[in-house]
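K.L.:
Quick mapping for you: the protein sequence lines, in order, are chains V and Z. Each number in the numbering used here corresponds to the 1-based position in the first sequence with 6 added. Each number in the numbering used here corresponds to the 1-based position in the second sequence with 8 added.
None of these hints come from the bench; they were simulated from the model. Please note: incorrect hints may appear among the correct ones.
[To be verified] Facing chain Z, a subset of chain V residues (Cβ under 7 Å, in silico):
no., residue
1, Ser20
2, Leu33
3, Tyr96
4, Glu190
5, Gly192
6, Gly274
7, Phe480
[Said to hold, decoys possible] Derived list of chain V stretches under chain Z, where covered just means 3 residues or more per stretch with a C-beta under 8 Å from a C-beta of chain Z:
no., stretch
8, 154-160
9, 214-220
Remember, it's a predicted structure, so these values are computed and weren't measured experimentally. All C-beta atoms, glycine included, are put in the ideal place defined by N, C-alpha and C.
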Amino acid sequence: SDDFFDKNPLDKVSDATFWKSESDAKLALAGCYNNGGAWNGEDFWTARGIIYLDFMAGLGSEKELIPDRFTDGTLDPTNGTVEAYWDNSYRKITACNNFLFHIDDIVMDENTKAIMKSEIRTIRAYQYFNLAFFFSDVPFTTKVLTVDEANNIPRTSKTEIMDFVEAELEESALNLPSTRPTTEDGRITSGAALAILGRVQMANKKWGPAAITYKKIIDSEAYTLNASFETMFNANNEINKEFILTTQYQEDVYGHVLPQYLYPEAYGGWHQFSPYNELVKQYECTDGLSIDESPLFDPANPYNNRDPRLDYTIMISDRTVFQGKTFVSRPDSNSPDRFTRYNWSGYCINKFMDPSFTGGNLMNYGGNWSIIRYAEVLLSYLESKLEAGEAINQALLDETINKVRSRADVNMPAITTTNPTELRNKIRMEREVEFAFEGLHYYDILRWGVAAEKLNRQFTGMKLTNDPANYTAFDVDEDGYLMYQKRNFVEGVNELWPIPQAERNVNTKLTQNTGYPN
Amino acid sequence: PNTIVAQNSKIKIDIDQILTVDQVFDIIRNQTEYNFFYETGLFDNLPKVSVKRGVILTNDLLNKSLSKGNFKILITKDNSIVIKERFIKSVAQQKKHQISGVILDTEGQPLPGATVVEKGTNNGVITSFDGDFNLNVNDQAILVVSYVGYISKEIQLGSEKSLTIILASDMASLDEIVLVGYGTQKKVNLTGSVSSISSKEIENRPITQASQALSGLASGVTVQQGSGRPGNDGASIRLRGIGTFSGAGNDPLVLIDGLAGSLNDVDPNNIKSISVLKDAASASIYGTRAANGVILIETKRGRKGELTVSYNGYIGTQKVTALPDFVDSATYATLRNEANANMNSGPSYTDAEIEKFRNQSDPDNYPNVPHLKNLLKSGSGLQMSHNFSFSGGDEKNSYLFSLGYLDQDGIIAENNYKRYNFQLNFDSQIKKNLKLTANLSGYSANTEEPRHIGGDMTNMMNFAVRQGPIFAGKKSDGTYGYQDNYSPQAWLDSESFTNRKNKLFLGGTELAWDFMKNFTLSGKVGYRYTNYRDKEFLSDLQFDANKYVGPNSLRVSSGFDNTITLQSLLKYAVNVDKHSIAALAGFSQEEFHSEFVSGYRDDFPNNLLYEINAGSSSNMQNSGSAGEWGLRSYFGRINYSFNDRYLFEVNGRYDGTSRFITDGRWGFFPSVSAGWKVSEENFLKEVKWIDNLKFRASWGQLGNQNIGNYPYQNVIDLGQNYTFGGSLVSGARLSTLSNANISWETTTVTDLGLDVNLFDGKFSMVFDYFDKITSDILDVVSVSGVLGLNPSTVNAGEVRNSGFEVLLNYQDKIGDVNFSISPNFSYTNNRVTKLSTGLNQDINRGLFVGHSVNSTYGYVADGLFVDANDVANYPTQPYAAEPGFVKYKDISGPDGVPDGKVDATYDRKVIGSYFPKYSFGANLQADYKGFDISVLLQGLAGFNRQIGAYQAYAFYNGGQIQQWQADNRWTEENPDPNAEYIKLTSLNQGSGTIRPSTFWDRNASFLRIKNVQIGYNFPKPLLDALKIQKLRIYVTGQNLHTFNSFYKGWDPEMSQSTGDNSPFYPITSVYTLGLNLNF
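Same shape as in the complex, but just chain V (with noise of 0.2 Å):
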């Protein structure tokens, strides 16, 4: 050979000396799971493609409709969106399908190894579990792929992918630690995995099975609530014994893009997201009661009196006072938020707003992101207790939905009914309202058979009148809401996603959801 003519990369670890050492398959391990930080977004771990999700569920609207349009009636295959959550979710499929074919070659601790490989068999599950759950059938792989290959895969039952996805996670449960040290803080334990089998088999209605898995994390005693819910999600608490799985950001370096979208306009944000009035109805008065019911509700001041997650989920005009500013939205203000200016419903989203993030850059915020948290696990163990038909009673409720109730700054009266219709309805507000805006409320309609429902009406805007048959400013319904926006969700068809037409330009062995364009 020749010295002028072999030239190797003088950056980059050419792919015939690496995965040699235990320091590679570190190397390896974090490149799983990175996401891209910054405004990488649509995907099942980022902050933004999480959130996403609650705007295709119907609680809010994005400013340029880029989820709403996922339910509102017009979604179709060539949507660039429904292509990012595919295109993203294969790549990570393909690193953990990398890594796990090449990490045997290494000679290293036998235990560490088995423990990363449990990991990478947690984080791949997560998704192949996603995509099954919003695609149905998709093409399954735990190879890499050759060209061809990726080409012309067909698709894999939803079923099939289901079975696989629950035996990984057990079996992967088995092996993975259920604490890590504070320097691994993110990194999947057990009780992640499990967590993230306890949501497949509740998608599954194996209400059994769930409880059993649920069970598990609870006697762990890994993990417990935070004492506050208004804090919880500041960066400066987002290492705590609630989150049991996360997607880590590191302010600056690794950081992401979510104040720059959540904030007001009046805060240097661009006000992305409109939460619904639909949302906000669903919290309770103070004593536990529905608006409906409760003599509490006083409909000229509808904010007050209520469940004080109401406050810190929800900017609501002239109330909501963030970093010592009123938030405004009115349309007879000069404020940049009145909803006039834009496509806003006069609510804006006050969960995630850090006020201890001062000074620095929106687009490079470093709170963690939490996709499942303690909460979850004792509201799934109550709901899967109750849809196995297993008696109720009011220990159970005290140790779950009453445990999350009571939290010191929600303080909401404990549920005392044993009912099933009448659990089944207080779990399901209880869902929508402890976790609004944190991507689950997608999931639940759509497992519970009412997204159809949910998401085939008219939403409405902030309250701009306590005398709607004289006020002529503006549409209003007859309680003096902003008649905001109409969603034309169809039956049948919306609740999958399409596979994305480029795919399909590509692979003719893949065939079309139900009711989507061919």
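Chain V is already provided as a structure; the job is to place chain Z on it using the hints.
P.N.:
For chain Z alone, coordinates are given in the frame of chain V:
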């Protein structure tokens, strides 16, 4: 008689014969490279010469022929032999007075050895080394001035005693020499397809980058200048279509005085000639880099003579060629309400608010600001260029030193480009058989641009397109209106900037040694070094009390690359009887290395400190990399011609590259070509009006190795990091699947050509038919996202370009008006003939077998929906259709017939192409006495384009609305199915009505008045008084007008993409006033 004529050159005499001296000279002329200059009739009184069959030395034959007369013979450097009668005293005494003068070319260079003869007499002289002459003439004499390669001139003498005579070069001359690979060739003897352009055709145009120079001048060359961005306004050049759709690219190889570089390396003022090698026969000697054609540039050199100083300069101003017309804020608000109503939502603006927009009583809160217009008028647009050149030399050494300065202000404030160029070319005849040639050139350039949070100023323009007039600029209290993080005014006023410093050094030295008869050996060393330093500072910004954007940040990047070239050539040339053979063998080696480092910090204490150390160290980042490649080559050429009629040429190059795996490293690229000069055949030789008629044919193969430095190696990307426990952990990940068997792309070109010159050089035509097939195109096949990796490239695709090109020239003289018309036209049929295995379309990348590269794929629009009935009765649309939205045609269905349903699979097709099929231009020139005018036209046709989202759609993502959209919109009152614009609504990326369809496609063909130049040469008496050789003033207009039917307000040549983020910088018109001065 003189004995300088090479003793050894021999003349072959076919039969014994008796000849006149003139006939003898014809024989010598035909068999040697010598030309004779003498006054017609000089030899009329000489006896005829008897010559015998056989071979005789040229010198002997000359001596024999002229022995009876009293002649003086002068040999010039160009192998011209000038013969004149020795002065006879008695004749001189008859002369009435003496005149003196100097003969110059149009650039003011003296022409030594030019002939000056008093018409109708034998009285004449040859100009001296400095171009001077002295001559005694009769009153009212007419001087005939001639010089080889220049148009002869007759001058009626008046009373003047001292003359400056300028000779123009004879463009259509059959003796024209053109640059070819590793040498030169007489144009008449070319067998390949070569376009050549001389300095005359580009001089004095306000060309800022040399790549703009070719526009409109050469056939088969498509030049597109996508922007007027100072310092970044080079044009893209495509020779004979787009050969590939891979990353290997379509840029031709550029060699400057034999060294690879970029066209923009050269100061346009220093270009002497440009040759474009278009077919494989002329380009294959450059092997694996020649697939897209080769452009050779020769810079000006010094000539023997006294120091000549010339100055060329201009000053001018720029303005945009096209500007979209947006509606004012009151109209905006009214139409916004209409859009809301169309979407069943309430109005955004009350009547009172609209009135405030209209009467501008409260411009802070109800403004009316044309953001884009303000932005594009914020700069002075001033542009100037100055170039000084100094040249001269003696018999052995000559030099040219040139200094250039370009200063270009943007049409946007704080935008400026300055460039200093130098060039030093030096030639030395060290010994009789040893010649040294050295070239040194370089530049130092500085670019200043404003900057904003979304990136550089081209993004700023895109956001100014979006930002409606309802957003304030700078308010009376000093705060700013803004949309998201954008406000053109605020960012322009901020301290944010981009500063780029680029430096280039290009040097080459060649030593040529005529070590034995007919052989020349040369060695060359070349070095090209470029270096850049970019600084991007983003200030933090308080728009108003609510809106802060920060922190401020700085990125500094710096890097260099260098290329070392070693080259050696052995040349051989011989003429034996009617056989003429030339051969070339060569070796060359190029080694490239590049490096960069980049550092980033934010949180600077204020916006006036922007050196990296001033930033906070808490978030400092850095990166850097390097790359290299090597190319080693052996090449050769043989030319053979028989009887000057039959021409043959064979080329070959054997290239080895570091970019491929060992086994596939070497490749061979051959070519053959032939020419037949029919006009030399006996049956045409007598036809006086045919000067030259030649058929050409060629075939050859070329390669393209420009595919990344290490394409065959699987590499794992570092930097795929993640956070564990609050600290960043390094990560790595395979991101690309490599292909070890990767190889170059191969282009095979067949060319048939015809060259015609008629009527004594008045008319000429060059016609070429070509068929160019690029196979083994590195195709990043569209792969399913399921692969999860960037796919490997494979040698899979094939693209074919075929077509023809023609260049015509007509030049003549009517009275004192000299004029020339030179139009050119090219047609290229570009189509993809093969994609990777089994595929006949790759929709995602716009590739379809049988269609051109860059095809647009989409629905066929059938106008707009009139009403709900229309929607209900029309085939089902692939989106939630509404009245006033685009109606997509039902083309087909699963059974091959329309199925009443429009869907992506059966109802989309290729609806257009971005590839311009036709390219044309024309150069018109005329001069009358001291005045001259030239007009350059340029155009592209046969292609369609769409433009970016904010730029094409009203109210897109909170964007604004243009007047043509407002004027031609569909409304419920007037539901015109053929309205030019759709019903107003909010649009964004997922909107069904803006999917790619014929509705949004526009014909992008255009014809541009590229340049008009009017000049005036000051008369000689005045110049003499000022001791100036030449003084010319001129005015030019660049991009004066464009005929087109593209989107209103948008230049069809301007590059911008079709997505949300479509940065652009407008193309500009330039008006200049210039000066050429020689002394």
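K.L.:
So, for every hint listed, does it hold in this structure?
P.N.:
Evaluated hints:
1. Because the smallest distance between the Cβ of Ser20/V and any Cβ of chain Z comes to about 6 Å, under 7 Å, the interface hint for this residue holds.
2. A least Cβ separation of about 4 Å between Leu33/V and chain Z falls short of the 7 Å threshold, and the interface hint therefore holds.
3. Against a cut-off of 7 Å between C-beta atoms, the interface hint on Tyr96/V holds, since the closest Cβ of chain Z lies about 4 Å away.
4. The beta carbon of Glu190/V is positioned within 7 Å of a beta carbon in chain Z (closest approach about 6 Å), and the interface hint is therefore held.
5. At its closest, the beta carbon of Gly192/V sits 5 Å from a beta carbon of chain Z; the interface hint therefore holds under the 7 Å criterion.
6. Residue-level restraint check for Gly274/V holds (minimum Cβ-Cβ distance to chain Z is 5 Å; threshold 7 Å).
7. For Phe480/V, the interface hint holds, since its Cβ comes within 7 Å of a Cβ in chain Z; the closest pair sits about 4 Å apart.
8. Under a criterion of three residues with beta carbons nearer than 8 Å to beta carbons of chain Z, the stated coverage of the stretch 154-160 of chain V is upheld, 3 such residues being counted.
9. Only when three residues or more bring their CB closer than 8 Å to a CB of chain Z does the claim for the stretch 214-220 of chain V stand; here the count is 0, and the claim is violated.
Against the hints set out earlier in the document, a violation occurs for number 9 only.
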